[in-house]
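S.K.: Residues per chain are reported as follows:
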Amino acid sequence: MFASLSDFARRDPLGFIGLMLVTMILFAGLFGNWLAPYAPSKIDVPSRLLAPSWEHLMGTDKLGRDVFSRILAGSALALQIGVVTVGLSVVIGTVLGLIAGYGPRWLDSILLLIFDTTYSFPTVILGLALVTLFGPSTTTLMGLVMLFLIPAYARLVRSSTLAAKGADYVLALRSMGASSGRILGIHILPNVIGPVIIVACMDVPAIIALEAGLTYLGLGVPPPAPSWGRILEEGTGSIREAPWIVVAGGLPIILATLGFTFLGESLRDRLDPKRKGRA
Amino acid sequence: MSRDVASIEGLSVAFGRPPTQVLALRSVSLTLRAGQITGIVGESGSGKSTLALALIGLLPQAARVTEGAIRIGNQNIAGLPEARLRAIRGARVSMVFQDPMTALSPSRTIGGHLLDAQHRDRASGRSALRTRAIEVLRKVGVPDPAAQLDRYPHQLSGGMRQRVAIAMALLGRPELLIADEITTALDVTLEAQILHLLRELRSEIDGAILFISHNLGAIAEICDQVAVFYAGELVEEGPVRDIFHSPLHPYTRALRDCDPARIEGAARHLPSIPGETPVVRAPPTGCIFAPRCSLATELCRTKVPVWAAIAEGRGVRCHLAVSKT
Amino acid sequence: MIGYVVQRILLSLLISAVAMVALFAMVRMIPGDPVTLMLGARATPEAIARLNAQMGLDQPVITQIGLWFSRIFSGDLGVDIWSQRPVVDVVLEALPPTLALTLAGIGWAAALGIPLGCYSALRPGTFTDQALSVVSVGAISIPPFVLAIYCLLFFSVRLGWFPVLGAGEDGDLADQIWHLVLPAFAVGLGWVGYLARLVRGSMIEAMGENHVRTARAMGLPPHRIVVTYALRLAIVPTVTMLGISIGGLLSSAVLVENVFSRPGLGTLIADAAQGRNYPVVQGGVLAAVLLFAIAMPISDLVIAWLDPRVRKSL
Amino acid sequence: MNISRRTVLTSSAALAAASALGFRPDQVLAAEGGTLRLAMSSDLGSLDPGYFTSLPAEIGTLFCCMPSLARPRQDANGTWGWEKTEFCEMLEQVDDLTINFALKPGYMWSDGAGELTAEDVKFSFERMIGSDWGGRFEAFDRVDVTGTHTGTIVLKTPYVAIWMVALAYDSGFILPKKAVEALPDGRLTTSLPAQLGPYRFQEWIPQQKTVLVKNPDWTGTPAAFDTIEFVMVADSKAGELALQAGELDIAGLLPETAANFEAAPIPGTSFVNIPGTYYQWIGLNTEHPKLADLKVRQAIQRGIDVESCLAAAYAGLSPKATGIVPIGILGNRAQAGYSYDPAAASALLAEAGVSGLSLTLHYNVSNNEDAVIAQVVQANLADIGVTVELMPVDSGVYWNLGIEANGDDWKDLQMTIMAFRTGPDPLDAMQWFPASQYGVWNWERWKDDEFESLWTAAISEKDVAKRGQMYERMQEIMENTGGYVWITYPAVLYGVSTRVKPAFYPGGDYRAEEFATA
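Same order as they appear, the protein sequences are chains A, B, C and D.
In terms of our numbering, the first sequence opens at residue 1 and continues consecutively.
In terms of our numbering, the second sequence opens at residue 1 and continues consecutively.
In terms of our numbering, the third sequence opens at residue 1 and continues consecutively.
In terms of our numbering, the fourth sequence opens at residue 1 and continues consecutively.
Just so you know, the hints here were simulated from the structure itself, not pulled from any lab data.
Incorrect hints may appear among the rest.
[As the list claims (entries may be wrong)] Pairwise CB distance ranges (calculated):
hint, chain 1, residue 1, chain 2, residue 2, range
1, C, Leu13, A, Ala167, 27 to 35 Å
2, A, Ser137, D, Glu450, 53 to 61 Å
3, C, Gly75, A, Asp168, 23 to 31 Å
4, A, Phe8, B, Arg281, 50 to 58 Å
5, A, Pro46, C, Ile294, 54 to 62 Å
6, C, Val135, D, Thr498, 39 to 47 Å
7, C, Leu13, A, Arg182, 48 to 56 Å
Yeah, the Cβ is synthetic: ideal placement off N, Cα and C, and Gly gets one too.
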């Protein structure tokens, strides 16, 4: 890796910015609730829609709640929706992908059929079905997102496993009698994990932004949870009178996207064996 | 004496920045004469390919020419901007690479490649270019050339693809054709055919051919002049007969003796040179080969040997060799 | 080649059939029935019975599925509960605006994203490359509906350049294009960043390939090298991704259609689902699924055209 | 490698220029060339008065293009009554059971469907019995045709609300008998076989707009516009922007925009606030074990700060409700019997020996205001030690929560934010609370004998004042069950272009046929 942080910053500035942003968000996610100057869901109707001021760094919303505190509290939610969901999906998706790619033909085509079926479904429909069945909640939203991410990663891993399966080094390993598990786990996995990492890192912010979209359609996290998507959605209602709410809701999503994407790319350049030497 | 096609004067090339920098070439001087095939021989990591890439201006971004000149004809191309370098590539200098399997674009037909090779005289029209392409393909030994034009690289064998690559290099009518380990990836029979082809092409090109290889047999078979490289330095140069029969530099002698083709009786151990090629990150204090040289003296270890030109096109960089003559 | 296409389409149709059966089961599982929703507080028992009978809701699910599939081939997708119009017409009316929106969105996103990706791939690590990276990644994260409202605020209200509502008069192509510009911009902006990142990644890899070095050794001009030798292969992963993301495209279209009050398949499905308008939900999702089933073979064919090695395996 | 930066920048500049060219100087502004554009939040469904879903676009079209005997009209102090239309020579209620009418001769249906006659009136009303909206014609018996243009409407039982619930409102349209009978199973869908009115229904573009044009053969009061468009606007924010951009003449305003209208008005528009005919309340399931004790219910009634709910959800523009019957309709109560008093609420809870109570609050996720009110209620009740769990549900689930026939959610239903809509007569509002509705639409699940007797008596009470008091008493009984926390009658807020003079039906529905150019 790098000798020191400054060396990291000089050699890979974007990766460094990514690391900084992600740590900031993780920090806000873990300590958000204590850091928040006000209780995120304390309603104070008389002081509604106040402009940003020293008391309220990002002003107040329609219910008089301090927007800055809600953003901080919301980062824990964003991490849960973004990072945890994508993380789980990468793990499950990779396992499925390896099985599909390396397993027998009939298993591969069945899994592929399942993957493609979930793709063809419009997110809106599946979202509504799940929300109506299980009631809108963070777990339902995470379930919905995983339903889409797992096939995506499985498909990605499957195609790289198929390619790797035919490679000479795998034939060599098999000729030496290595068990499939060993081959998959120790040899194929590092080669296929690279592309999944970069896509996963770009998906974390995409999922956070998707949550905002689903909330707009009424399928997202139920109030009073201070998700960034809800703050954004409520903000659009008073975009002329209180434009700062939309900016306050949108900014963390943008920062999260920049952070995760650049960190992901610099991780990929380090992790992906093929890209070791090249710029 | 035939004219000089290209000449390298005291060229040094370094990769990266100190302290992690690598001095790939150190003050190398070499002249390539028209009508001659000059061989470059040395172990991998000796700077052979760096020299080739320098000659065609394709040094990677991390490389820096720290001193010396690279003259193609009378133009020094060291440090030229990309646009000016592009003008000489394919026109005055062409190159054929080692691995035919990846040298051609999988998504473009053979004909497409050959037309691209003649992109400078597009004015003469597609059909003229096609006939010329067919003519050169036939010359490099490709059977039924017209039919090959519409096929894709993955439909051709390795040997056939290498012939197409050579044809592409010739189409630009270059003064200098660089063949960088072009037979290494081929099996023995194909290698022989390609070497035979190169020898015939010598009369074709009214310029020079630079043949780079670590296969001494191939060098002996087709080269007129040979330059021996070790760890970024030119250690000996001379006509092929002198290099093989009366090598002056201990490294050249050792290289020659390690050639498996020359061993008559069965031997338990194949001859080899102890130790490994060093990665030179700072200018050496003595002869770079001293640590592995069986004849090394205190002088070799403390004083950098100076290049001694014994005759026209014949020289060596070794204290002992100089003292002997 | 033809064998491959037929096989690919059959597979896609199989996927669609499986998706539709899954949808049927799922829609039936969702609580709430269309009649109370439609008539609300005034749903008399007879009205409920009449409508249920008309939609065949009173029969077991299996027969309903069988009936529905059998009627598809005769083009009868059932009747829209609210407007009593055949679902086929309802869906066919909603399809063109959505297709126009998604294709326009993806079109301009590719037209700008791909060159940007190539541009920064040729200058990895320089300031321009990093600046472009920050801008393109930032574009990905702006939720479409927020962007849509800002576009309306700025371009339509303040500058008056573009209309706010609807998809334009039928038959008046200029007016429809005029109504398409802002929504397409809102749908496409995220994709510009996404495509730029993808193309940059695969272009950097492609530029390192040996055949690109051969092309440079021939002294070919840079744009020829980028387009014919590097991009042609580097674009393959992007095409695959586009083929797969039709589902995602529809959902981002829904958000923008909602803000611009544009008709569209996404809004049609969303409203129908909330109103438990089963026939329209099924018809709409069938269209979306078929859209996907067509997109997959198309992207495979484009890849086969781009990379002859794939063609060899057909 | 020099695709120069200039080429990339110029191409994006070219893109911007191309879109600029998209601007067409001859952009037609609304209401300039005689086109009136009205924002609609829902699309057209069906145009058959017996089987439509009474969406604003459907009612709006029918009022412009079809005749009826009577139409609603507000009297001086704002209470809704009715008046005969220009199609009628004479229209009067002779006694409890008979209404005579005489049509003006010479009104001709379009598309050669002949003259408007009493036969059409008979056909139109008798077909309502047994239709989806048959409930409004329960007391209706028949129409006796006494002449080509004259006839008598006969009721089975006295039914004072017949005017405002049926004849004078959205069930009182007269249809062309011959033309409708010729339609498949005698039902209208999304077009009108024959029309008679100042405007004519020209076309419906699904998900976009419904277009009416001036009726060339109309002999009555002249139409003010060449075309009227009901434009589908899904997002109210976009509606406001379209209003500001001149693409709409009237559009609904979000509470924040309306409240801020003086400070940041939408240029070229004025603000209109119309008392709504929706009534919103929080219903408590009186039979649920946690809410069985009257004191607990009364504590919750006094524990919710309705004023802050209104300030947060409606920016203070909607009035505080005092019962079921909205303002401007007979039976609207002067004030409620309780008010926000957290101390009293805590005391009541202590008296009932209840602490650490936790309740669920269901509401419809698609109503933004409900979400805001729910959060305020959650905070208010938390202050008196009651934890509230918010349960937003999609409309499909929401409308079945309390209905025993549709699943068993009703068993565990505790608190629900409810809102129904009423026509301009108290009966239309109160019909969901008699014993017959227990477990159907009365999700608070109570029965009361005095309420029953008042309910039946009020149906035929002719003395308006007395009838009003009866309905007020009925609302008082409901309040005393502790099952109701009145919230508001959501005001209908419009931004109207200054080029247009608007007109409205009860509850803020457009009276497009009476809009005029200012």
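S.K.: So does phenylalanine 8/A sit 50 to 58 Å from arginine 281/B, Cβ to Cβ?
M.R.: Roughly 23 Å apart at Cβ, these two residues miss the hinted range, so it is violated.
S.K.: Regarding serine 137/A and glutamate 450/D, is the given constraint of 53 to 61 Å on their beta-carbon distance met?
M.R.: violated, 43 Å
S.K.: Using the Cβ atoms, figure out if leucine 13/C sits within 27 to 35 Å of alanine 167/A.
M.R.: holds, 34 Å
S.K.: Do the Cβ positions of glycine 75/C and aspartate 168/A conform to the proposed distance bound of 23 to 31 Å?
M.R.: Violated, since glycine 75/C and aspartate 168/A (Cβ atoms, about 54 Å apart) do not stay within the stated range.
S.K.: Given the range 54 to 62 Å, decide if the beta-carbon distance of proline 46/A to isoleucine 294/C lies inside it.
M.R.: Because 57 Å falls inside the window, the suggested range holds.
S.K.: Taking the beta carbons of valine 135/C and threonine 498/D, is their distance inside 39 to 47 Å?
M.R.: This hint holds: roughly 42 Å between Cβ atoms.
S.K.: Measuring from beta carbon to beta carbon, are leucine 13/C and arginine 182/A in 48 to 56 Å?
M.R.: The hint (48 to 56 Å, Cβ to Cβ) is violated, given that leucine 13/C and arginine 182/A are roughly 40 Å apart.
The structure fails to meet hints 2, 3, 4, 7 from the earlier list, while all remaining hints are met.
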